[in-house]
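*Asks:* Here is what each chain is made of, one letter per residue.
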Amino acid sequence: MPEKALELRIAGKATAADGVVTLTLARPDGGRLPDWRRARTST
Amino acid sequence: MTRQYSLCGNRWDAETYRVGVLREVAGRGGSAYVHDVLAVGDLVGLGGPRNNFPLVPASRYLFVAGGIGITPLLPMVHQAELLGADWTLVYGGRTRGSMAFLDELAVHGERVHVVPQDECGLIDLPRWLGAPDPATKVYCCGPGPLLDAVERICAAWPPFALRTERFVAREQGAPSRTTPFDVELARTGGTVTVPPDLSVLEALGKAGVEVLSSCRQGLCGTCETDVLAGLPEHRDSILDDAERAAGDCMFVCVSRSLGDRLVLDL
Ligand code: FES
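As given, the protein sequences belong to chains A and B, one line each in that order. Convert by adding 10 to the 1-based position in the first sequence; the result is the number in this note's numbering. Convert by adding 41 to the 1-based position in the second sequence; the result is the number in this note's numbering.
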């Protein structure tokens, strides 16, 4: 991806349905993650 | 290997992200790696989370999810619940067993309507969307045919009731090409020709290549696809200038090609 990648640790992996897994990702140091970014609008 | 997955966790949890990943049967790429190889404790690289379609204020929400399209809607469901809004989720899938997050959705009781196709057939859209309601906003994510059907019905709704009213796509001029171009699928093999009157997403859909989409206006980020070769003509409202210049991803619902050929990680 264009933005610089975060290095994250997989803190959890679970099966959510046949053929679907969920991964829980956290910073290795347990710190705060960037907020979810909103898609931009122009006015 | 970089793939785009939807965040499906709680956006107010500042310490963790959660992503849902569907195993793509034809894929020899990212999804199999996530399913078969990645384990707790492994380190992975992640681009900043982008895939987020903000919930606009409304007193009622109707969420319509098809299959793995539930993932980007989950955070919205959570937000609607936090806001104390009146919301309903209609969630279709092939079979119960193939439908993710049924357990955690069950706590919402009557608000959630689960429609496994093998038990109930397709979602009865006229039942849910038949009567336009100015107080309701409709968010839909899923495969193309579901979105098409929802769009058709919502044509009778007030403008912008479907998805969002504040969100307006950037004005785009005419595409720079007026001739068809080819999209080569690096993972599945094959080439799809995109004529001037179809989006890449539509041309892929016609060729049986499903890319998850939602807004189909270059706003939400759901259809992000990695570009391996060729020059995309970006027509979305998401990427910033540096990201455009990098040219390594595109939103196939609106963006096109500058050259004769694009190679996508599909
Ligand atoms: S479907 Fe929303 S950006 Fe393409």
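Hints listed in this document are in silico derivations from the structure and should not be mistaken for laboratory results. Even glycine gets a Cβ: it sits at the ideal position worked out from N, Cα and C. Some hints here could point you the wrong way.
As the list claims (entries may be wrong) - Taking CB as the label site, the calculated pair distances span:
1. A:D45 <-> B:E122: 14 to 22 angstroms
2. A:D45 <-> B:S100: 24 to 32 angstroms
3. A:P44 <-> B:V97: 20 to 28 angstroms
4. B:D301 <-> A:G40: 30 to 38 angstroms
5. B:L84 <-> A:T25: 20 to 28 angstroms
6. B:Y74 <-> A:P44: 40 to 48 angstroms
7. A:G40 <-> B:A197: 31 to 39 angstroms
8. B:D281 <-> A:G41: 37 to 45 angstroms
9. A:G41 <-> B:R302: 36 to 44 angstroms
10. A:T25 <-> B:G86: 20 to 28 angstroms
11. A:P38 <-> B:D301: 42 to 50 angstroms
As the list claims (entries may be wrong) - Computed list of chain B residues with no C-beta within reach of chain A, every gap over 10 angstroms:
12. P167
13. A197
14. D238
*Asks:* State for each hint whether it applies.
*Replies:* Quick rundown of the hints versus the structure:
1. Between D45 of chain A and E122 of chain B the beta carbons are some 20 angstroms apart, a value that agrees with the proposed interval 14 to 22 angstroms.
2. The supplied range of 24 to 32 angstroms is met by D45 of chain A and S100 of chain B, whose beta-carbon atoms lie about 26 angstroms from each other.
3. With their beta carbons about 23 angstroms apart, P44 of chain A and V97 of chain B fall inside the hinted range of 20 to 28 angstroms.
4. The beta-carbon spacing between D301 of chain B and G40 of chain A, approximately 49 angstroms, falls outside the hinted interval of 30 to 38 angstroms.
5. For the hinted restraint 20 to 28 angstroms between L84 of chain B and T25 of chain A, the CB-CB distance of approximately 22 angstroms keeps it satisfied.
6. Evaluation of the 40 to 48 angstroms hint for Y74 of chain B and P44 of chain A yields a failure: the beta carbon distance comes to about 24 angstroms.
7. Taken as a hint, the range 31 to 39 angstroms is violated for the pair G40 of chain A and A197 of chain B, whose Cβ atoms sit roughly 50 angstroms apart.
8. Hint check: D281 of chain B to G41 of chain A, Cβ distance near 25 angstroms, so the stated range 37 to 45 angstroms is violated.
9. Checked against the hint of 36 to 44 angstroms, the pair G41 of chain A and R302 of chain B passes, with Cβ atoms roughly 43 angstroms apart.
10. Range check, T25 of chain A to G86 of chain B: about 23 angstroms between beta-carbon atoms, so the 20 to 28 angstroms window is met.
11. A hinted range of 42 to 50 angstroms holds for the C-beta pair P38 of chain A and D301 of chain B, which are about 44 angstroms apart.
12. No Cβ of chain A comes within 10 angstroms of the Cβ of P167 of chain B; the nearest lies about 27 angstroms off, and the non-interface call holds.
13. A197 of chain B, annotated as away from the interface, keeps every beta carbon of chain A farther than 10 angstroms; the closest lies near 26 angstroms.
14. With 10 angstroms as the threshold on Cβ separation, the claim that D238 of chain B sits away from chain A holds: the shortest Cβ distance comes to roughly 25 angstroms.
Hints 4, 6, 7, 8 from the list above are not met by this structure, while the remaining hints are.
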